[in-house]
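Chemist: Based on the provided sequences and hints, a complete structural model is requested.
Residue strings, one per chain:
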Amino acid sequence: MKAAGKSGVSGFAPAAMPYLLLAVLIVLPFFGPGPNTVRLLFVTFVWVTVSIAWNILGGFGGQVSFGFAVFYGLGAYTAALAVNSGLHTVLALLLAAGVAALASLAIGLPTFRLRGPYFAIATIGVSEAVRVVMTNVSMTGGASGYRILETRPFHQLDHFYIALGLAVLAVAASAGIRRSSFGLALIAIRENEDAASDLGVNAFRAKLLAHACAAALTGAAGGVYAQYAAFIHPQGVFAFSIGVAILLMPIIGGVGTIWGPVIGGVVYGLIHEELVASFPQLHLLIYGSLLILIVLFEPAGLFGLLDRWFRVLAGARRIRAANP
Amino acid sequence: MSAADLLNLLIAALLLAGVYAAMSVGMTIIYGVMKIVNLAHAGFLMLGAYFVYELYTHLGIDPLLGVLFAFPVFFFLGMAVHRILVRRIPTSDQPTLTSLLLLFGLWLVLQNLGYVVWGNSDRAILTPRTLDVLQVGRISFPTVRLVVFGAALVALASLEFVLHKTWFGRAVRALMQNNDAGRIVGVNVDRTARVAFGVGIAFAGAAGGLLAMLYSFSPDFGGPFLLRAFVIIVLGGLESFAGVAIGSLILALVETFSILVLPANYQPAIAFSLLVVALVVLPRGVAGLWNKRHDCA
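Protein chains in written order, with the working numbering: chain A, 1 to 324; chain B, 1001 to 1297.
None of these hints come from the bench; they were simulated from the model.
Being a predicted model, the structure only gives us computed values, none of them experimental.
Anything over 12 Å on all C-beta distances counts as not near chain A; from chain B, calculated:
no. : residue
1   : L1007
2   : L1009
3   : I1011
4   : A1013
5   : L1065
6   : V1073
7   : L1126
8   : T1127
9   : L1134
10  : V1136
11  : A1157
12  : R1183
13  : I1184
14  : G1186
15  : N1188
Output of the computed footprint for chain B on chain A, the stretches with three or more beta carbons under 8 Å from beta carbons of chain B:
no. : stretch
16  : 106 to 120
17  : 130 to 143
18  : 283 to 290
Virtual Cβ for every residue (Gly too), placed ideally from N, Cα, C.
Modeler: Set out below in structure tokens:
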């Protein structure tokens, strides 16, 4: 992107745009949107966070995981248990992130010995095994789920701002990693793991670290969701479809970029909420078709598509300017 | 536990292994020839189940005959999928994430088309055979399992015949061993891959029909079986047909005998855990255990 100078999306979207968007979102509740709108935005922030988290490992590092529902679910359960034992919201979220990161190490240590598709398939196995176990653990109510006891009055806007804060943190983390030498190491691993190792990148450690960062964000997002929903169950938060959704969002939005996963999360959040009530299966049908189209025709996702359109527009404008 | 119980469990495991082998062999062919991990296998298993179900409920065609019909139908379906989708992605001698994601997308589409067409209630194929039991002394054989086992064996034997006695079979085996060398000696890679993909999908559809005679199913049907199929081909070393038999037997034995030590609730986790263990510890399958020394030399 940088090498292209001021063309593509970056040519049209000024650098201040993200801050402008953030400002709008912060003041939005003062203009009295309905609880449904706030809810929609809240859910979208949660999706955006996990989408960005997946992108740290899958987009920068090229390690496709189907198993992020493990972290989302563990985060949700940890936060729920922590809140019920009287912990402060923020502490509960930190704990959720920590537990998810620890789980990511336990999963990553054996599975990162596998490359590419084998890692991807192993994560399916891990995710399903964890779901089966969580369905049978009696401490958390097993299959019938777990409820957060509500000792305080419910303020929707508190949840809104917590989710917004987490999403902002995720964008910042993603941008920070992308610029750091750690991000470069991940990209080198994605392009060619052997070559990266030859250049002195400790591929195993970099992948573990990326996995842990991604898991911590995903776990926190699960915790945010659990505190809002106040009721969670294994078939919900540990569902394979959650892991699938977390993988689809960044791929549809634009894998390996900073804003692609955000676009993917927003698009998924909005479409999901609109469609899931009336046509529970239709949204996955749409996403499956989108995935096929993106794999075949536009590997850079919606972000890549936008980027290309803007480039064409810019090109047309340049031609017009040159031939008045 | 008495000897008869033990024998009953052993027979149950063996009968299960037959179906597992029929279910996994399609995945091995596709992996072997194209190095594609066919996640859409689950979708075709599900379609096969509904195909046999529809033939049985609407036309009164015996499920076994339905499985036979499934072969040509899914063969052409598979060739069409190869022509429309799979051909467009770059080939490689290593499995690529692109192909994994493409076929995963196809699985999502098939599964959710299934929900649109058939809804999400469970279906089952009940024939007069379903609850019959053949009793030999103190050992019992559920008839439907025997029938399914027999059908699976016939399917596997015909595949074995095709692979070893026909030009297409030799081409398939050549491509599995070495894609470039196969090309050099004049194998039409694109055509062989298309037919092999068709055969793989044909086996998926037929195996789906066989499984539908044993279990109830919904559009979500294929998922757990996909993972089992993957455990089996990993245990078998990914590209060997004998390996599929060994892998099926191992998984069936572990699943069947785990009832003795694990609560039934946890049983679904066995295949998933075995998958991870097999991938991490035995990347070249069970055969890799005694081939390893040979490879080092």
